[in-house]
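Enquirer: Sequence:
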Amino acid sequence: MITHSNTTPHINSDTDIFNNLPVAIWIEDASMLYRELQRISQSYNGTIQQFLERNPHEIPRLIDTIRIIDINDYAVTLYKANHKQQLIKGIRNFFIKESFHDFTKMLVSLCAGNTEYTYTSSKITVTGYKIITQITVKIPEEARYNWAKMIVTETDISQFIKREVALKIQTEKAQTDNDNKDKILSIIAHDLKNPFNTILGFSELLLTKFNSFTQEQVNEFLQYIHESAHHSYHLLANLLNWSKMQQSGANKNLQLFHLEPLVTNISQLIHTSCVSKNISIHQRIAKDIEVYADINMLAFVIRNVLTNAIKFSYKNSDIFIHASLVNKEVILEITDEGVGMDNDTQLQLFDPEKITSRKGTANECGTGIGLMLSKEFIEKQNGSLELESEIGKGTKVTIRIPCEKKQYL
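Its first residue numbered 1231, the sequence shown is counted upward by one per residue in my numbering.
Since the hints were derived computationally from the structure, they do not count as laboratory data. From the three backbone atoms N, C-alpha and C, an ideal C-beta is built for every residue, glycine too. Fair warning: there could be bad hints in the mix.
[Unchecked claim] For lysine-lysine, the following BS3-like pairs were computed, each having C-alpha atoms within a straight-line distance of at most 27 Å:
| no. | residue 1 | residue 2 |
| --- | --- | --- |
| 1 | LYS1584 | LYS1626 |
| 2 | LYS1584 | LYS1610 |
| 3 | LYS1368 | LYS1335 |
| 4 | LYS1360 | LYS1392 |
| 5 | LYS1610 | LYS1403 |
| 6 | LYS1610 | LYS1482 |
| 7 | LYS1403 | LYS1584 |
| 8 | LYS1403 | LYS1482 |
| 9 | LYS1314 | LYS1360 |
| 10 | LYS1327 | LYS1398 |
| 11 | LYS1623 | LYS1589 |
| 12 | LYS1558 | LYS1610 |
| 13 | LYS1398 | LYS1360 |
| 14 | LYS1392 | LYS1379 |
| 15 | LYS1310 | LYS1392 |
[As the list claims (entries may be wrong)] So the derived label-pair ranges between C-beta atoms look like this:
| no. | residue 1 | residue 2 | range |
| --- | --- | --- | --- |
| 16 | HIS1460 | LYS1403 | 33 to 39 Å |
| 17 | GLN1400 | LYS1589 | 35 to 41 Å |
| 18 | HIS1501 | ASP1574 | 30 to 36 Å |
| 19 | GLU1563 | LEU1436 | 41 to 47 Å |
| 20 | ALA1467 | ILE1391 | 25 to 31 Å |
| 21 | HIS1552 | LYS1360 | 15 to 21 Å |
| 22 | LYS1403 | THR1628 | 28 to 34 Å |
| 23 | PHE1487 | ALA1467 | 53 to 59 Å |
Modelling step: build the complete structure from the supplied sequences, incorporating the hints.
Expert: Right under this line is the structure:
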């Protein structure tokens, strides 16, 4: 049965306010709808809500029983109509799929005896533009037993909803970024412990018991200290570059330069790491190949890729560096014969939420952020970084770099 509450809304019927309010106002006659719902209530073995839920095809027919008596000028503006008659023909013309569900919930509330109901719904304008509105339906006291008069006010909240959604996305992104930062900092802090423990341990031995060691042992300890210091520096350099990227993005200084001297210099800098594993680097880069890039960013990328190649290579293996010029870009390939990785691990390398620290073949530590940073740095220069890998067969990293000036963002 349709019940009635004692709520009596206050309705201002002043003509000037009706026409000048920046709110769409619809005056409707829903008496036929009321009678139809009464008939359903008396004949259907169940509630109005159950009937509407089980017979959704009836909703459009019920909507069509509502007669629009008048609308204000703002309603015409809101629905982008040329004149009132375009709207008075019927409200169902402006419904979309989700509108029917919202309307059904409103009907159920009114049938329960409420004389006022506010809800949010999507509609479509005369021109086909989707809007989101907040709708309040009021039944005046004199019409509460027949619904001969309904006053519907409608406010466009489309921009508010868009801003709310955008704010939610930004908030979620900020939270994700903060979580990722915490995770990466935690990984770096953990991975810095080992090299510092090595430095502290061996330096303490040399300070307290220097004379009890042979020259060969001293040299060995110094080698450990040097490698640990180098590794710590590499970790901190990655952290610094990552921090710059997070704060404001690293500035790039693009210039044209030869690639071969840069790669040769980097290979010499990491030579010590190669010697400890007896790894040979085979470099094949034509001396006349030039790239248009930021030399410091590119050096960072190549150094990270080569360091990873050494880290995950077995002793007595080879690393190959090859560069070629294809379609106005330089393709630099760095291939190792190391442990390789499966597809899931490859995907995790570039996902800050899944990034993890992996130990090398000689238990070398690493944060895992090097390749992720390298990819970001290369993409900032209109380049790309991709990798191919297979467990037990090594990894090939392909870096594409422009070789001439382009329009950079």
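Enquirer: Holds or violated: 35 to 41 Å for the Cβ distance of GLN1400 and LYS1589?
Expert: Taking Cβ atoms as reference, GLN1400 and LYS1589 lie about 37 Å apart, which means the hint holds.
Enquirer: For a C-alpha distance cap of 27 Å, please report whether LYS1403 and LYS1482 respect it.
Expert: Holds, at about 25 Å.
Enquirer: Looking only at beta-carbon atoms, does the pair HIS1501, ASP1574 fall within the given range of 30 to 36 Å?
Expert: Because 33 Å falls inside the window, the suggested range holds.
Enquirer: Hey, LYS1392 versus LYS1379, does the alpha-carbon distance stay inside 27 Å?
Expert: Given that 27 Å is the threshold and the Cα spacing comes to 33 Å, the pair is violated.
Enquirer: Do the alpha carbons of LYS1403 and LYS1584 lie within 27 Å of each other, as the hint requires?
Expert: Roughly 15 Å separates the two Cα atoms, so the pair holds.
Enquirer: Sort out whether LYS1398 lies within 27 Å of LYS1327, counting only the CA atoms.
Expert: 25 Å, holds
Enquirer: For the hint 28 to 34 Å, verify it against the beta carbon of LYS1403 and that of THR1628.
Expert: This hint holds: roughly 30 Å between Cβ atoms.
Enquirer: Compare the distance between the alpha carbons of LYS1610 and LYS1482 with 27 Å, and conclude whether the hinted pair is satisfied.
Expert: 8 Å, holds
Enquirer: Taking the Cβ atom of HIS1460 and the Cβ atom of LYS1403, is their distance within the range 33 to 39 Å?
Expert: 36 Å, holds
Enquirer: Tell me if the beta carbons of ALA1467 and ILE1391 are separated by a distance inside 25 to 31 Å.
Expert: The hinted range 25 to 31 Å is violated for ALA1467 and ILE1391, with Cβ atoms some 45 Å apart.
Enquirer: Do PHE1487 and ALA1467 keep their Cβ atoms within the hinted range of 53 to 59 Å?
Expert: Roughly 21 Å apart at Cβ, these two residues miss the hinted range, so it is violated.
Enquirer: In this structure, is the beta-carbon distance linking HIS1552 and LYS1360 contained in 15 to 21 Å?
Expert: For LYS1360 against HIS1552, whose Cβ atoms are near 54 Å apart, the range 15 to 21 Å is violated.
Hint compliance for this structure: hints 14, 20, 21, 23 are not met, and every other hint is.
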